[in-house]
Amino acid sequence: MLSQRFGLSAKSLAELALVVSQVAPGILEETKAPSSESIREFWRSNRLLQKRWMNELDAGTNARSQEIELFERLAPRVFTSEILIRTFGTLLSALDRRRGTDDLTRVARNVTCGLLQIRVKLLSQLLSVHENDHDRVLKIDRLRRRCDRWNDLLVGTIAIKDNCFEFAFDPDRARDFGEESIFAETEFGSRPFEHLVSAGLRGTFLQHLSNQNFDESEFLILTKSILSCIPRQALHRDGSFRTSLERRIYSSGR
Numbered sequence: 000m001l002s003q004r005f006g007l008s009a010k011s012l013a014e015l016a017l018v019v020s021q022v023a024p025g026i027l028e029e030t031k032a033p034s035s036e037s038i039r040e041f042w043r044s045n046r047l048l049q050k051r052w053m054n055e056l057d058a059g060t061n062a063r064s065q066e067i068e069l070f071e072r073l074a075p076r077v078f079t080s081e082i083l084i085r086t087f088g089t090l091l092s093a094l095d096r097r098r099g100t101d102d103l104t105r106v107a108r109n110v111t112c113g114l115l116q117i118r119v120k121l122l123s124q125l126l127s128v129h130e131n132d133h134d135r136v137l138k139i140d141r142l143r144r145r146c147d148r149w150n151d152l153l154v155g156t157i158a159i160k161d162n163c164f165e166f167a168f169d170p171d172r173a174r175d176f177g178e179e180s181i182f183a184e185t186e187f188g189s190r191p192f193e194h195l196v197s198a199g200l201r202g203t204f205l206q207h208l209s210n211q212n213f214d215e216s217e218f219l220i221l222t223k224s225i226l227s228c229i230p231r232q233a234l235h236r237d238g239s240f241r242t243s244l245e246r247r248i249y250s251s252g253r
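All residue numbers for the sequence shown refer to numbering that gives the first Met the number 0, where the first residue is 0 and numbers rise by one.
Calculated from the structure, these hints are not laboratory results.
There may be inaccurate statements among the hints.
Below, in silico cross-link-like pairs of lysine to aspartate or glutamate (EDC-like), each with a Cα-Cα straight-line distance of 20 Å or less [what the hints assert, rightly or not]:
#1 K223 with E40
#2 K160 with E29
#3 K223 with E36
#4 K50 with E215
#5 K50 with E40
#6 K120 with E28
#7 K138 with E66
#8 K160 with E28
#9 K160 with D140
#10 K31 with D101
#11 K120 with E130
#12 K160 with D101
#13 K31 with E130
#14 K120 with E68
#15 K120 with E55
#16 K31 with D161
#17 K120 with D101
#18 K120 with D102
#19 K120 with E66
When you get a sec, could you build the whole thing from the sequences and use the hints?
Encoded structure:
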């Protein structure tokens, strides 16, 4: 599938979410809306993924003995997708606030609501897993909690200046993260804080994610739609802070 060609995985989605949070200040300063085509592809790829996952979860109810394997495969896809979608959705919401519009926010809200339905169905079906698989269920739940926390960190650093915390899982936690980022920016400048967030995400979060390729071609459409909203120069900053995902995707577009 197309996504295998680019090596997209749970780590890739989390890395791209980090990229979005880092380039957000520059994009917000320009207050330039993404192209209608990129937003349309963003929405379309998510709806296709959500339809695929809902069908798989529905089919899983008829194969109880294989449910835990299904959940272990879907959980990293759903939870890391939420980080990316909610972080990008926060950027879209902040753009709307600065431009006095709400079109982008409504698209992001539609997508996240669809993902929330998938999450609720997945978690509710986890409750029916046989007690012999209890440890595997706990591992899935630990992944969920880690993803939720990192989502709120990335969302908070974007949302704090425009007070748009709709896409945080815990708005109070995201606000705390955002206020810490403002304090760090005032005291030390934005770059040291960016390095701190990047090091934390790599050291305490990405190590828990698998490098296994996602075989859904919709992931390539999704990542390209988001990357098309990021100015190319923003993906080519000097220094070790630049991620491998930035280099891979940029090179593939040449």
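Consistency of the hints with the structure:
1. K223 with E40: Distance of about 9 Å is within 20 Å: holds.
2. K160 with E29: holds, 15 Å
3. K223 with E36: Holds. K223 to E36 sits at ~11 Å (cutoff 20 Å).
4. K50 with E215: holds, 12 Å
5. K50 with E40: holds, 15 Å
6. K120 with E28: violated, 39 Å
7. K138 with E66: Holds - the C-alpha atoms of E66 and K138 are around 15 Å apart, at most 20 Å.
8. K160 with E28: holds, 12 Å
9. K160 with D140: violated, 31 Å
10. K31 with D101: holds, 14 Å
11. K120 with E130: The hint holds at about 19 Å.
12. K160 with D101: Within the cut-off at roughly 17 Å; holds.
13. K31 with E130: violated, 52 Å
14. K120 with E68: Measuring from Cα to Cα gives roughly 16 Å; hence the hint holds.
15. K120 with E55: Holds - the C-alpha atoms of E55 and K120 are around 11 Å apart, at most 20 Å.
16. K31 with D161: Within the cut-off at roughly 16 Å; holds.
17. K120 with D101: At roughly 29 Å apart (the allowed maximum being 20 Å), D101 and K120 break the hint.
18. K120 with D102: Measuring from Cα to Cα gives roughly 28 Å; hence the hint is violated.
19. K120 with E66: holds, 13 Å
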